[in-house]
Amino acid sequence: MLRVSDLTVFHGHLMALQGLSLYLEEGEMVTVIGSNGAGKSTLLNTLSGLVSPRSGSIRFEEREVAGMSPEEICGLGIVQVPEGRKLFAGMTVLENLEMGAYLPGARRRFRREVERVFEKFPRLKDRRHQVAGTLSGGEQQMLAIARAMVALPRILMLDEPSLGLSPLMAEEIYGVIRDLNRDGMTILLVSQEVHVALAMASRGYVLENGRIVREGEGKALLRDPGIRSAYLGI
Amino acid sequence: MKGLKATLILILTAAMILMGSGLSMAAKPILIGGSLPLTGKFAETAKWIARGYRYWAEEINKKGGLLGRPVKFIIYDDESNATKAVTYAEKAITVDKVDLLFGGYPGTAARAVMPVAEKYKMVYVSMGGHMKSFSQGYTYSFGGPPLMGEWWYLGFMDWMKTIPKKDRPKRAAVFTMNNPIGASLLDSMKTLEKDLGIKIVINEKYNLPLPDATPLIMKAKQMKCDILFSNGFFADGVMTMRAAKALNYNPKAIVQGVGSVIPAWTKELGKDGDYVFSGTALHNKLKFPGNKKLNEVVKKRWGLPAYPVYFGFGYCWMQTLQQGVEGAKSLDQTKIRDWLKSHEVHTIAGNFRFDKRGLPKPYNYLTQVIDGRVELIWPLSVRTHDPVYPKPHWK
Amino acid sequence: MARRGRFRPRRVPSRTGDRNVTGILVLQSVISGLMIGAIYGLLGVGFSLVWGAMKVINIAHAAFAVLGAYLAYFLLKAFGVDPVLGFFVILPFLFFGGMVVYRFLIFPVMRARDIVVSSMVLTFGCAIVIENFISLIGSPDPRVFTTRYTGRAFFLGPFAFQWPQTVGALMALAGMAVLYVFLKKTHTGKALRASWQQPEAARLYGINLRRISMIAFGLAVASAGLGGIAMGFVYSFDPHTHNLWLIYIFLVVILGGVGNVLGTALAGLLIGLLNGLSLAFFPYQWVNVITFGMLILILLVRPAGLFRSEV
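Chains as they are written, first to last, in this note's numbering: chain A, 45 to 278; chain B, 1482 to 1876; chain C, 2 to 312.
It is possible that part of the hints are untrue.
Per the computed footprint, the stretches of chain C lying under chain A, defined by three or more beta-carbons under 8 Å from a beta-carbon of chain A, are [what the hints assert, rightly or not]:
#: 1; region: 97 to 109
#: 2; region: 181 to 192
#: 3; region: 195 to 201
If the Cβ cut is set under 7 Å, some of the chain B residues that face chain C in the computed set are [what the hints assert, rightly or not]:
#: 4; residue: Lys1522
#: 5; residue: Gly1545
#: 6; residue: Pro1692
#: 7; residue: Asp1693
#: 8; residue: Thr1695
#: 9; residue: Met1699
#: 10; residue: Phe1715
#: 11; residue: Ala1716
#: 12; residue: Leu1728
#: 13; residue: Glu1749
#: 14; residue: Asp1753
#: 15; residue: Asp1755
#: 16; residue: Gly1784
#: 17; residue: Pro1786
Quick caveat, the hints were computed from the structure, so don't treat them as lab data.
Yeah, the Cβ is synthetic: ideal placement off N, Cα and C, and Gly gets one too.
Construct the entire structure; sequences and hints are all you get.
Following this line, the structure appears as structure tokens:
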């Protein structure tokens, strides 16, 4: 469904991603793990079109996506839930969702989609006229996911969804992500919480200094001694 | 951006001087230097002063020059900044070594340059910066003629004395803008009560911009004031007039501080601007020799019916300086100064004798807008139209 | 409105009791202040819009206002078009003109390292160009609107309302209401707020920042034109007037909270009120002291402005 090959990205003179390749099949949940500064967010922002790659290709269903504007990419269904949620804090829950469905295609189906999202997150429905900045951390993350959902994603990319949440809340969010995947959503999950991510995902990639250093099935990587010592502290 | 502009003007001026000197090698030109706010908020007025200066130069050069030498202006652009005016005055004196200084604008710039002129012993003929600037003991500065807020209503007062006491207004409403010009206008009406028996019932100041004149006029009407002094500029004057009309307030006379003498007053207000009194130190309808010719020149070159007042001022200050130089038969500044202090000069604004401070005898002309034209009312010797008093009611 | 405006002003009930005179005058001054305050508010809101949407300090905002007033004046003089109608004639020019200015002048510097400073320099240049352009095609003399209802007033009880001032204030209120509804209720307006709160997230969901900023700038210029026409009903204007107006815009925007539309509108009314009261109530020297004192206090206590800084 998504095939990234030999992707190289620069931040000014610094190389952020170096010859990176990965793929994603329909209905899969894939995780990219790595430490701070490994290039995970850069990867997602490049896929979203916020950052342009220096070279390499990003093919989404036989279509070259690299170099497209964020607008076009979002319209194709590659949708990101950004790190730190980046909600429109001064706007209400409902307005945030409307902005998720900003593009014409999503806007046409907004009424139906917003009902589905509210079914999934009843707490958001109760607070739909509340200003987003006043929600609790967990509710904010739910809203961030919901906002991406109404954009009609075909691939949902999540960047550190549990950041800053209590363990209990984080568990709830991961539950939501698992449910989404079970319902057929293709998911690319970026996380520092290596254990949870690898346990959930069907496959995983390990990113270090802008390169993929290891890839494989999630469970297999969890057993990998190198990863265990580097990321799990075991 | 402005620096660039100033530089360009300098280069152009320099180029013109070079070209000029090439053409008339015979006699080295007399350099007259200083600065005017050619850009910035005073640029419009200053442009006319510069035109007045240049026209004077053109005229005198045609007649064979000053003391037989052609005259040349070095006009720097002080960007409406009095501090820069001082810098350029020093530069003109010390670097360009000009033979004469010309007067700057506005009053703040003139006041700032006066001590510089004194320091270098250069005669400085300008509008001055109201009475204070002439009380500093400067000996080389002349108001020839000056623009004196303190004298502003002299013409009005003198004329009002000719109205029988029973026909004079009894209660005055005075609204004054809160700035130095407003303060000096107030100064000029100190004797209103004593000399004319007009009681000042309301005496209020307001900040610019005036939010609305309605409350002021309402108060004047309620306090039954039968003369209104609007000591302000054009903008607040227009507001006051319109509020007076809207509230149907009909005093015997309305006196406007500044703004009713400029063409915009009659052009923009139309009939509603009629019958307003004001003062002026110079007017294009004055009968003194030269006014007629200036009006013709301005009509021909700029398509205006008569010369704007600051064109006249520029020309007039040069007339004063010219007579000083010709009288002294020298460019020796002290000799010019001494001649000016001991002789009468004849200008388009009138004939003046200067006192120790460099000021002529206090004077001011009373004007009234009648049928969309500014007419001179007082002194009688300059009258162009009979006054309309009391003011007809609003229609 | 103009036709029905041919009221003969009724006699003002003239009371000689000084207390009544003062009481009525204070209220009359409040009315006057609020009317001019509404116009300051509108000018501030447009300025705030540009600041909020693209972090651009638009020094030329007041110059656009003066330009609007001049265009309306021209229509009035040449074709007898009432300035209120005139606004609708020039609205498309201002709106698209604003978008063009954004696209070809502002947008190219948006990538500069310091947008605030480079945009200030750029818009300062714009202001000078507009000022000189107006001086060039018109003359630099001051202008005033003279309409059929100029110099006319209507009375509500003892209070006088001059028609031009009232029309100006109503235009400003309507302008602010339209901007408010646009930002709160329309899809594009919401996208505008979203993009100034979280530009990156806005892009992720398909909001084209360049397009949305262009619309914001066009709207701001149009609202400036409206504010300028409203000002023209109250004040005379000349090519340099914008310098004076800009000071009030700054004051209102800082007081109301930069980027805060509702707060800016309220701050406009507040400043107008203070100015109005200065005519009747407290000694004139205090007005600027109070206004700027308030400003300093607010900047110390609530740096985000007097009102909650939500859009």
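Quick rundown of the hints versus the structure:
| no. | hint | verdict |
| --- | --- | --- |
| 1 | 97 to 109 | violated (count 0) |
| 2 | 181 to 192 | holds (count 3) |
| 3 | 195 to 201 | holds (count 4) |
| 4 | Lys1522 | 5 Å, holds |
| 5 | Gly1545 | 36 Å, violated |
| 6 | Pro1692 | 4 Å, holds |
| 7 | Asp1693 | 3 Å, holds |
| 8 | Thr1695 | 5 Å, holds |
| 9 | Met1699 | 6 Å, holds |
| 10 | Phe1715 | 5 Å, holds |
| 11 | Ala1716 | 4 Å, holds |
| 12 | Leu1728 | 6 Å, holds |
| 13 | Glu1749 | 5 Å, holds |
| 14 | Asp1753 | 6 Å, holds |
| 15 | Asp1755 | 13 Å, violated |
| 16 | Gly1784 | 11 Å, violated |
| 17 | Pro1786 | 14 Å, violated |
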